[in-house]
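2 protein chains.
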Amino acid sequence: MSTINCIINSELIPISKASVSVSDLGLQRGYGIFDYFKILDNTPVFLDDHLNRFYRSAESMRLKLKYSDAELKDQIHELMNINKMPDSGIKLTLTGGDSADGFSLGSPNLIITQSPLPSYQSKGYGTGIKIVTHQHQRQMPAVKSIDYLMAVWLQPFIKQHNAQDVLYHNNNLITECPRANIFIVTKEEKVLTPSINVLNGIIRGKVLSLEVPFSITEVAITLDNVYDAKEIFMTSTTKNILPIVQIDNHQVGDGTPGRITQKIAESLLMVINKNPSSSSIMVS
Amino acid sequence: MSTINCIINSELIPISKASVSVSDLGLQRGYGIFDYFKILDNTPVFLDDHLNRFYRSAESMRLKLKYSDAELKDQIHELMNINKMPDSGIKLTLTGGDSADGFSLGSPNLIITQSPLPSYQSKGYGTGIKIVTHQHQRQMPAVKSIDYLMAVWLQPFIKQHNAQDVLYHNNNLITECPRANIFIVTKEEKVLTPSINVLNGIIRGKVLSLEVPFSITEVAITLDNVYDAKEIFMTSTTKNILPIVQIDNHQVGDGTPGRITQKIAESLLMVINKNPSSSSIMVS
Chain A
16 MSTINCIINS
26 ELIPISKASV
36 SVSDLGLQRG
46 YGIFDYFKIL
56 DNTPVFLDDH
66 LNRFYRSAES
76 MRLKLKYSDA
86 ELKDQIHELM
96 NINKMPDSGI
106 KLTLTGGDSA
116 DGFSLGSPNL
126 IITQSPLPSY
136 QSKGYGTGIK
146 IVTHQHQRQM
156 PAVKSIDYLM
166 AVWLQPFIKQ
176 HNAQDVLYHN
186 NNLITECPRA
196 NIFIVTKEEK
206 VLTPSINVLN
216 GIIRGKVLSL
226 EVPFSITEVA
236 ITLDNVYDAK
246 EIFMTSTTKN
256 ILPIVQIDNH
266 QVGDGTPGRI
276 TQKIAESLLM
286 VINKNPSSSS
296 IMVS
Chain B
16 MSTINCIINS
26 ELIPISKASV
36 SVSDLGLQRG
46 YGIFDYFKIL
56 DNTPVFLDDH
66 LNRFYRSAES
76 MRLKLKYSDA
86 ELKDQIHELM
96 NINKMPDSGI
106 KLTLTGGDSA
116 DGFSLGSPNL
126 IITQSPLPSY
136 QSKGYGTGIK
146 IVTHQHQRQM
156 PAVKSIDYLM
166 AVWLQPFIKQ
176 HNAQDVLYHN
186 NNLITECPRA
196 NIFIVTKEEK
206 VLTPSINVLN
216 GIIRGKVLSL
226 EVPFSITEVA
236 ITLDNVYDAK
246 EIFMTSTTKN
256 ILPIVQIDNH
266 QVGDGTPGRI
276 TQKIAESLLM
286 VINKNPSSSS
296 IMVS
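In the order they appear, the protein sequences are chains A and B.
First residue of the first sequence: 16, per the numbering used here; consecutive thereafter.
First residue of the second sequence: 16, per the numbering used here; consecutive thereafter.
Among the clues, some could well be false.
Note: identical chains are not told apart, hence a pair may lie in one copy or across any two.
Unchecked claim - Under the rule of at most 16 Å between Cα atoms (straight-line distance), these lysine to aspartate or glutamate pairs were calculated in the EDC-like manner:
1) Lys174 with Asp84
2) Lys32 with Asp113
3) Lys145 with Glu203
4) Lys245 with Glu204
5) Lys106 with Asp116
6) Lys99 with Glu204
7) Lys221 with Glu203
8) Lys202 with Asp63
9) Lys79 with Asp113
10) Lys81 with Glu204
11) Lys106 with Asp64
In case anyone wonders, no lab produced these hints; they're calculated from the structure.
As the structure is a prediction and not an experimental result, all values here were calculated from the model.
Make the full structure from the sequences, and use the hints.
Okay, here's the thing in structure tokens:
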């Protein structure tokens, strides 16, 4: 494969040589945010949604981004043009920057990387996956921070249970998976997703605004609600809609992906194919 | 000032050129641990305690340190010899390493840095400081992880209240400050410190084992207990014993550092001056 480049503070650099100072607060104190979007057929998917969330995360964490929306898009454009990866993912990371005292915010570093889409994409769609649950609440859940300490730490726990992912809950209320939102379909065929203490996923938002002949709403959801659900699925930028057929020791429905999940996946795909933000950047 | 060096994976390098790959899980996912100890008069203070905790943190986080205790001490020795900073602090950081998929653990990177002691040391000892409280529970509290997202984020909140630090509490039970443990002295002159969900600070441990003519014990402590306390102080490697004379809107005792706090500070200083781990490393 030819060299893949990235951009650090507007400077183009081969990913193999891309580094940040050991004094960066991202590394010193786990202080940073990011966002990630797909490129399909040379077109960023839901770019404006992702950039808006990136700016909101930065603002919440008091990290000043020194590039305008247009400048940021120019840099993304530049990277896409040089890397020539028509189907891929782009990640924007903004760190706390070099800190003189190891604690006070410095001048944030912006890192833009591009990488192949994860192979995960092709797994589990036909059969559905198993997840396990774990008590945990992400700090500052509305911010897409780099804090995945618990998520990385739980990987062996997930594997031990022959599961593919973990669902967090707190005080008996479920919230989200580390990198995905969750939806349940009740026996009454209502589609529900947790309303608070979660990241507002871009695909989650798209699902909530789908025009479908059943209600999709945000509400508090208990662990028992999940165990009783007729269908469960997760949503994320890399996974779109992924059916869940087992949670802890409970089989979901008849153990195969459900009818409503399937309908939502189809409706979502139509929205993605329209891709409203595609007009803003095209590779020349 | 002459060049300050650091050591990355056993390689000596000027701190100004020290960097890690942007693919490191420390930066990508906030996944890493560290420890920090003082050098006084060219002698590491409580070195074995700090290295033991460093190894325990690494083990808890499943990060494999490829150096033995002796090799680690050799590297520290080498750094002290070249930097020639007789009174300073040394920080060991172990990160998740370069991750192929941005999530799975790589080969951990060990970074050893040396820096001047923080000026904070000289402030507040005579008069005591003010702290504020905030609801938060550190994830994996027994591990000295790099997760200081909340602590860094709260800095403006602390300044707005003209305070110098913040005390975390959860479900009405206090735990710790971001970089210090807390002790209270009750009206009955019992010295207490929270027993669970805190980092086992090295100075905290030294205080708990002081030979003094009053009881010092670990116990659950409520916010009301703290507001009612006769004396409060915090302990940390950089601060030793720092008196607290105001918490939120409550004055502590008569608003000046207390008698028992003073006695504990004096007893601790005798222990530090003995410095049991000093024999293991001396700069040549």
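Within, between, both or neither: how does the pair Lys106, Asp116 come out at a Cα-Cα threshold of 16 Å? Classified as between: cross-chain Cα gap 13 Å, same-chain 28 Å, threshold 16 Å.
Are the CA atoms of Lys79 and Asp113 at most 16 Å apart within a copy, between copies, both, or neither? For Lys79 and Asp113, the Cα distance is within 16 Å only inside one copy (13 Å; across copies 27 Å).
State whether the alpha carbon distance between Lys81 and Glu204 is at most 16 Å within one copy, between copies, both, or neither. neither (47 Å within a copy, 54 Å between copies)
Taking 16 Å as the upper bound on the Cα-Cα distance, should Lys32 and Asp113 be classified as within, between, both, or neither? Between copies, since 13 Å is at most 16 Å while 19 Å is not.
If the cutoff is 16 Å on CA atoms, where do Lys99 and Glu204 land: within, between, both or neither? Let me know, please. neither (44 Å within a copy, 71 Å between copies)
One pair to classify: Lys106 and Asp64, alpha carbons no more than 16 Å apart. Within, between, both, or neither? Within one copy, since 14 Å is at most 16 Å while 40 Å is not.
Are the CA atoms of Lys221 and Glu203 at most 16 Å apart within a copy, between copies, both, or neither? Answer is neither: 22 Å inside a copy and 60 Å across each miss the 16 Å cutoff.
Intra- versus inter-copy proximity for Asp63 and Lys202 (alpha-carbon distance at most 16 Å): neither (36 Å within a copy, 59 Å between copies)
Which holds for Lys245 with Glu204 at a C-alpha limit of 16 Å: within a copy, between copies, both or neither? Answer is within; shortest intra-copy Cα gap is 8 Å, inter-copy 59 Å.
Within a copy, between copies, both or neither: where do Lys174 and Asp84 come within 16 Å Cα-Cα? neither (40 Å within a copy, 31 Å between copies)
Identical-chain pair category, Lys145 with Glu203, by Cα at 16 Å: neither (23 Å within a copy, 55 Å between copies)
Checked against the numbered hints given earlier, this structure breaks hints 1, 3, 6, 7, 8 and 10; the rest are met.
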